[in-house]
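Asks: Those protein sequences? They're chains A and B, same order as listed.
Under numbering that gives the first Met the number 0, the first residue of the first sequence is numbered 0, with each subsequent residue one higher.
Under numbering that gives the first Met the number 0, the first residue of the second sequence is numbered 0, with each subsequent residue one higher.
Take the hints with a grain of salt, since some may be wrong.
In silico contact screen, one side only, chain A against chain B (beta carbon under 10 Å); selected entries [said to hold, decoys possible]:
hint	residue
1	Leu-11
2	Leu-117
3	Arg-121
Keep in mind that the hints were calculated from the coordinates and are not lab data.
Treat the numbers as computed from the prediction; the structure is a model and nothing was measured.
For each residue, glycine too, the CB sits at the ideal point set by N, CA and C.
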Amino acid sequence: MNDLRNPLQRALGLGSAKEGVNHWWRQRITAVALVFLGLWFMALVLMLLHGDYASARTTLADPLNAVLMLVFITALFWHMQLGLQVVIEDYVHTRWLGIVLQIAVRFYAVLAAVLAALAVLRIALGR
Amino acid sequence: MDHTRRPLSPHLGIYRWQVQMVSSILHRATGIALAVGTLLLLGGLLTLADGSAAFAVYRSFLATPPLLVLLIGWTWAFAYHLCNGVRHLLQDAGFGFAKPTFVRNGWVVVVLSLLLTILVWAWIVLAGGAR
Numbered sequence: 000m001n002d003l004r005n006p007l008q009r010a011l012g013l014g015s016a017k018e019g020v021n022h023w024w025r026q027r028i029t030a031v032a033l034v035f036l037g038l039w040f041m042a043l044v045l046m047l048l049h050g051d052y053a054s055a056r057t058t059l060a061d062p063l064n065a066v067l068m069l070v071f072i073t074a075l076f077w078h079m080q081l082g083l084q085v086v087i088e089d090y091v092h093t094r095w096l097g098i099v100l101q102i103a104v105r106f107y108a109v110l111a112a113v114l115a116a117l118a119v120l121r122i123a124l125g126r
Numbered sequence: 000m001d002h003t004r005r006p007l008s009p010h011l012g013i014y015r016w017q018v019q020m021v022s023s024i025l026h027r028a029t030g031i032a033l034a035v036g037t038l039l040l041l042g043g044l045l046t047l048a049d050g051s052a053a054f055a056v057y058r059s060f061l062a063t064p065p066l067l068v069l070l071i072g073w074t075w076a077f078a079y080h081l082c083n084g085v086r087h088l089l090q091d092a093g094f095g096f097a098k099p100t101f102v103r104n105g106w107v108v109v110v111l112s113l114l115l116t117i118l119v120w121a122w123i124v125l126a127g128g129a130r
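Extracted from the complex, chain B is given alone in its bound form (with noise of 0.2 Å):
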C-alpha cells in the first residue's frame, strides 16, 4: 500500500494543537452552547410577557451559583462566535489567508473574545450586579 500517496486527513489523536483548528473547533462548540443559550432568551421573553412574579422567578433562578457560572461561559461563548464569525465572513471575502495572518487572527480572535467578556462582567459589577 506504500505506492498509494494520497493525502491522509487530520488523525485528531496524533495532531500537533495549533490555534487554526482550535478556533475552527471552537467556533462550532461556542454555537452549539449558544443554541442551548436561546433557552435563556425565550425564558426571559416569555416570563417578562407573563408578568413581573414570573419575572421575579426568572432573574432569581439566573442569580444562583451555578447559572452565573454559566452566564460567563454563555458570554464568552457569545463573544467569542461573534469575533471568530466577523473573521469568517472576512475569509469568505478572500481575506487574511496568509500563513502568518491566518494564525494571528486566530489569536486576536481569541483575545479579542476573553476582552469583551471582562469588559461585559466589569461593567456588571461596577454597574453594582443584578438585582
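Excised from the complex, chain A in its bound form (with noise of 0.2 Å):
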C-alpha cells in the first residue's frame, strides 16, 4: 500500500527501462539457442579444418548447414549486442560515452551479421 507509482504502471510492468523483462528474455533465448548452434559451429569447424577450400564451400552451400549459419549468425550477433549492452550500461559512466558505444555496438551487429548472412547466402547459391 506505500507503492506510490500508478496503478497503470504497476499493471503494465515495464519498469524504469521501460521494456520491463524483454532484454533479459532475449538474452536467455538466444542463449540457449546458442548452446545447440555454438556446438554445431565448433564441430563444423573442427571437420573443415584439414580439408580445403572447394570441401569448405561445398559443406557451408548444403542447404542445412546454410540455413544453420543464417541462424547462427543471427542469434551471435543479437546475444552479443544485448551482452555488451549491460556491460556498457554498468561499467561507462560517462554519459556521451555510453551512447556513443551503445549506438557502435549496435551498427557493428547489424552491419557484421548482414556481411556475413550476405557471404553465405553468396556460397549456399553459389554466386
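Two chains, two separate frames, one set of hints: put the complex together.
Replies: The structure is reproduced here in C-alpha cells:
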C-alpha cells in the first residue's frame, strides 16, 4: 500500500527501463539457441579444418548447414549486442561515451550480421 | 556515521578472491573476448565467399604464431562462456543456489572449460594440424 507508483505503471510492469523483462528474455532465448548452434559451429569448424577450400564451400553450401549458419549469425550478433549493452550500462559512467558505445555496438552487430549473412547466401547460391 | 548499519557492496580491492566472483567476472570477460572474436567468423565467411585466393590469405593469417595463441585463448573463452552460460541458465531456472553447490559448480565449469579446450586442440593436433 506504500507504492507511490501509478496503478497503470504497475499493471504494465515495464519498470524504469520502459521495456520490462524483454532484454532478459531475449538474452536467455538467444543463449539457449547458441548452446546448440555453438556446439554445431565448433564441430563444423573442426571438420573443415583439414579440408581444402572447395570442400569448405561445398559443406557450407549444403542447405542445412547454410540455414544453421544464418540462424547462428542472427543469434550470435543479437546475443553479443545484448551482452555488451549491459557491460556498457554497468561500467561506462560517462553519459555521452556510453551512448556512443551503445550505438557503435548496434551498428557493428547489424553490419557484421548482414555482411556474414550475405556471404553465406553467396556461398549457398553459388555466386 | 557508525549508527548506519547498511550492507556495503564489495570493495574489490580488499575482497578475498573466490570462485563465485571469478566465474562471474570471467563470464563477462570471455563474452567481450568472443565479441572481438566475431571478426574472425566474419573474415572466414567473407573470404570463403570471395574465392580460394582470399581464403588462403585468411588461413595463412590464422596460422601465424600470435594468432594461434589467440585462437587457443578464444577456444577457451568459447568453452568457458558455453559451460558457464549453461550454468547460468540452470540458475535462472532456480537450480544450484545452495552455497556448497554454487561453489562446486563454479569449479566444475572452470575444469570443464579447460578440458574442452584441451580436447579440441588435441583433436586438431592429432588430426594433423590445420593446413
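Asks: Now look at each hint and say whether the structure bears it out.
Replies: Hints, verified against the model:
| no. | hint | in the structure |
| --- | --- | --- |
| 1 | Leu-11 | violated (23 Å) |
| 2 | Leu-117 | holds (8 Å) |
| 3 | Arg-121 | holds (4 Å) |
In terms of the numbered hints stated before, the structure departs from hint 1 and from no other.
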